[in-house]
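**Q** Read off the chains here:
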Amino acid sequence: MRGYSRRGFLGMAGGVTAAGLLAACGSNTGRSSGSGDTIEQWYHAYGEAGVQQAVERYAKAYDKATVHVQWNPGDYDSKIASALAASNGPDVFESTLRVDMVRSKQIVSLDDLLGDARSDFTESVLASHTVDGQVYGIPQSVDMQMLFYRKSMLQKAGLQPPSTVDELIDAAHKLTTNKVKGLFLGNDGGVGVLAGPLLWSAGLDYLTPDNKVGFDDPLAAESVGRLRTLFTSNSLLLGAPADWSDPSAFVQGLTAMQWTGLWTVPAVQKALGDDFGVLPWPALNGAGKASVPFGAYGSMVNAKSKKIDAAKAYVKWLWIERGDYQQDFDLSYGFHIPARKSLAAKADKLKSGPAADAVRFVQDLGKPQNPPPWTAKMQLALSDSLNKIVRSGADATTELKNAAGSVQTELKRLYG
Amino acid sequence: MLIFNYIPIGWSAYLSFFDAQGTVTPDTFVGLDNYADMLTGPFAQSLLTFSVFALFIVPLTFALALGLAVAVNRIRFARAFFRSVFFLPTACSYVVAAMVWKLSLFSGVRFGLANTVLDWFGQDPVAWLSNPDPPWYWVVLVTARLWLQVGFYMILFIAGLQRIPDSLYEAAYVDGAKPGWQVFRHITFPQLRPTSIAVLLLSLIAAYQAFDEFYNLLGTARGYPDFGRPPLVYLYYLALGQTQDYGHGSAGALILALLIALVTLLQGQVLGFGRRD
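Which chain is which? The protein sequence lines are F and H, in order.
Under UniProt numbering, the first residue of the first sequence is numbered 1, with each subsequent residue one higher.
Under UniProt numbering, the first residue of the second sequence is numbered 1, with each subsequent residue one higher.
Hints are computed from structural coordinates only; laboratory data are not their basis.
What you were told as hints is all true, and nothing was included just to trick you.
Taking lysine to aspartate or glutamate pairs in the EDC-like style, the calculated list, with each CA pair at most 16 Å apart, reads:
no., chain 1, residue 1, chain 2, residue 2
1, F, Lys289, F, Asp205
2, F, Lys156, F, Asp275
3, F, Lys401, F, Asp205
4, F, Lys412, H, Asp19
5, F, Lys105, H, Asp27
6, F, Lys316, F, Asp111
7, F, Lys179, H, Asp124
8, F, Lys316, F, Asp120
9, F, Lys341, F, Asp328
10, F, Lys349, F, Asp274
11, F, Lys179, H, Asp119
12, F, Lys64, F, Asp37
Model, not experiment: these values are computed from the prediction.
The following block holds chain H by itself, in its conformation from the complex (with noise of 0.2 Å):
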């Protein structure tokens, strides 16, 4: 831990009040000047817009992920069938899933997949993920990873599921409670109130570490366009890539960490995670 996790992340630290350019033993003090470059420049644009990519990816991921949970929880056939058939993406690398929704389904071309479909109705092709106006490149991000993701948290919310003892739905209906609406409301959500938390904290710390289906599905051997940037692509590109700016790469790495760390405490705040159920 000692060497692989405090170290790195002391001497980043240290690294974010120099000029730190092509060396890791850097000799010129800056103060704050990194802090302040990065959180006026491109690296802030992209904070907001990735809180903005959090503010929506998070709760459609908890609702998918809750409503194919108790789907499939329900369902008295095959029920290991489609369990698998919605985890399955999970074990996909995001590289690939980032290929096939690029080159196959989403492919610019009049013979993709979705502009063939457009075709049957009479429409033009779309460049889905050259062209940001219309943003339609955010239908492929976001299909792309809730393609990748839901089936994680429904295995999740399944567990939180089985968790719930029958006892409760029984003494639910006998005190009158109709199946349904009324019982998942009252009895099924509060119930998984400490899955669904973990769910929310979970998806997004992984809205904001987003990479590799946005680097792959957006980024070209010349480069990553401004606009649908994560916050981690741009600091590849600006400390890790030939830049090798490690004094504002690393400034960047620690703003992103306490924004990720401020957020998630409110979160838990608001939701009430570790407090006594």
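Pulled out of the complex, with its shape left as it was, chain F reads as follows (with noise of 0.2 Å):
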């Protein structure tokens, strides 16, 4: 039998090595060639099982060239406007709209892509892709946050499910226990989590549609004012192992109510069965209105691509011509709302329940969590001000004056 010298030995393990790390460097779209053009297109890392299989199978099905799918786990956000600032970003990208990607020329318009299926996705979701009026993305799915309340315990406290803020203030306190608390908001008191629910539920919002402040307004005050409230009743739970987003409080029996995502309702249904419902955050006053933030997730192309127009004609061919791959990354693996409403109507997990509910709410009450004008930069000054108002006690009014002075200054830079 012949035997191995140590230099062979070592050669040989070598060369497998270097031949498993340029395998590992290829395309991870199971294609060993492609036609035309390569593709490279980034994904944020999805929690639930069987996305990255899904987004990848999409990308191999593509027969007009070869898609390479990176799955970006981590700070996605971040890590994608570090690359459309240089210039080694992907062709195409998944990410929600915001103006200064428009204003620095980061992305290009996708206008010409949507043809008849324009009227399909919902307004809303679509307009939350939209600047100066051209579409930028096209929305793939819709995620949406809601206050979860558990029946039995508010029936026990003989209460009704609150719809207004006053209620939803008085019940959290009556639903507070030694054991239980009434409501979780998030471990930093809903602070970075309902600043759009808090103005919008006093009739205001982040900014006017002419793109003025649009909070320096003593109802914000008020409803900023109502979150201390709360946040000094002792009735909020605070400093939960998990945040809001995951329902782990809400079914282990820490809260009575949570404010949480469409995401969670397979996780909490498991858990309470029908022992659970689901309400928009209410309104202040009659100005006001109950609110539902929805984020929407869409499909992009970088401008500095060197091919455009192959990274839009795949953009067309997966998100506006294959509503079947649509529905399929939606409801087959996680709990996403279909961004056309053709799709929406026809998923049977969404018909009934909480999660019709939830299609109801972002439908008529649906708010863009990120708006296209509001930056990071105005999000940042309005969250310092919540925070020092809500967490601090500072006082409510010279906040968000500060804030608002900030968010002018981001606006004279937008728009002059």
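With the hints in hand, could you dock these two chains into one complex?
**A** This is the structure in structure tokens:
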């Protein structure tokens, strides 16, 4: 039997390792070769099992180009922002739309891709991917947030599901015992996630339709003041092991009500059966409205791509022509609402119970969580102000005025 | 060095004089506006907060590390074991330590370890990291930082202690010095001067460079509170997050670097860094 010398063995091992590394660097679409261009496509890492395999399967099925899918765990939004500022970004990627991406000429208009399908997209969702009348992202799926409540706990306390902010504060107080808190809005007391609903509940918004500051108003101070009331009432759950986006606190009985998202419905149903209902964030007063924030990732094309036409053709094929893939993407793994009305209407999972309520909330009361003109810098200013008011007890009027000043500076930069 | 240090620093200095949002090749010169904005906004507040933090954490780290080093150096049995016990946290990731502190020790629910202890004494649970009034979050931040870094400085002090010749102690005893505080004050502590200065400088710089445990203890998916926000976390959100404001970010980075250099030089001047013994 022939033996191997140490040098021969090391050489062979090195060769195998190099081959492995080269293979790992290659496309993960499974295609051995492709015709035409190679398109680089980025997704953030979805938590649900099977999504990565699904999008790789879609990519593999495209026969006009080779599509290389990159799955990005971690802080995807920052990563894509850096990649777009540099010149090494992907050709196609998913993102929410921000006006500064358009102003910096980082993405191209996809208006010409929509055709007859335009009317099939939920209007508010398509609007969240539109700047200056041009569509820059083809919506892939819709996620939304709402208030979950335990029916049995409310019943035991003799309460009806709250329909106003004051009823919510009262219910949270009455549902609080030494074992269970009345309400969980996140470990920061809801500051991070409720900026929009607080403004909408008072009939206000981040910005006015003509892009002026929308919250420098006594009603905004009053609405944020209600969250301060909740924060100091000892009826909010604070410091839970998992934050608001996870249903653990709700299903483990640490809280009677929780602000969380549509994506938790299957887990909550599994744990609590029918013993829960869902509500929008209630109106503060007659001028305001109940609301649910929604977020929608859309598929976009990098303006620095050398294959813009090929990338646009792929986006059109995947998210406009292949409705079956969008339905599979939205409903076979996680729990999202398809951005296309015709697909949402066909989805059996969304036809009854809290999921059906969620679909109705989005259609009737939905507001984009991150509207395109609202930039990260504006969000940082408002978030600082809400933290000071709600968590540190600063004067609401003064702090909101300070935030309005920062937002105004940013508006001037963007719109002159 | 040129490619990875000097060019980026030079380019950062260049960007700090421009409106460089979303671009590293800006064309709108703004002079010192970015510096003025940073010195009057939340970044200035962050610098002030962390100057106070440095004033507090540096002496505390110094005293604990020195105390542990002296104790471990004196111990006659299982010396290696005790050194390892205190040094091992240094090997722990700041992120992992922050998660343990946040989810287990200082969780705000009634079954968190700290709240369980409070419950034994009939006290209500405390939302350690959520409520800044009273600012219990500093207890969490400071204990995490001490646990993570004291062992490293302890090792530096042990190395310093072992360099002190026995003959000095013998001479002191012959001259009538009493073992304990008198010998420590007149022999050990003066002999540790170079190590002490190094520990003070390193822990001071580390205080201003705080990021990992703060970000993981207080940050959420939707942001970071203004209280307890280190300068680097603010710069991260401003320059490297979605905001991509390289102009203000660069100005802030240079202000922070200058501040660290200034405080370090002042501290070195006061303590005699580089001076001959």
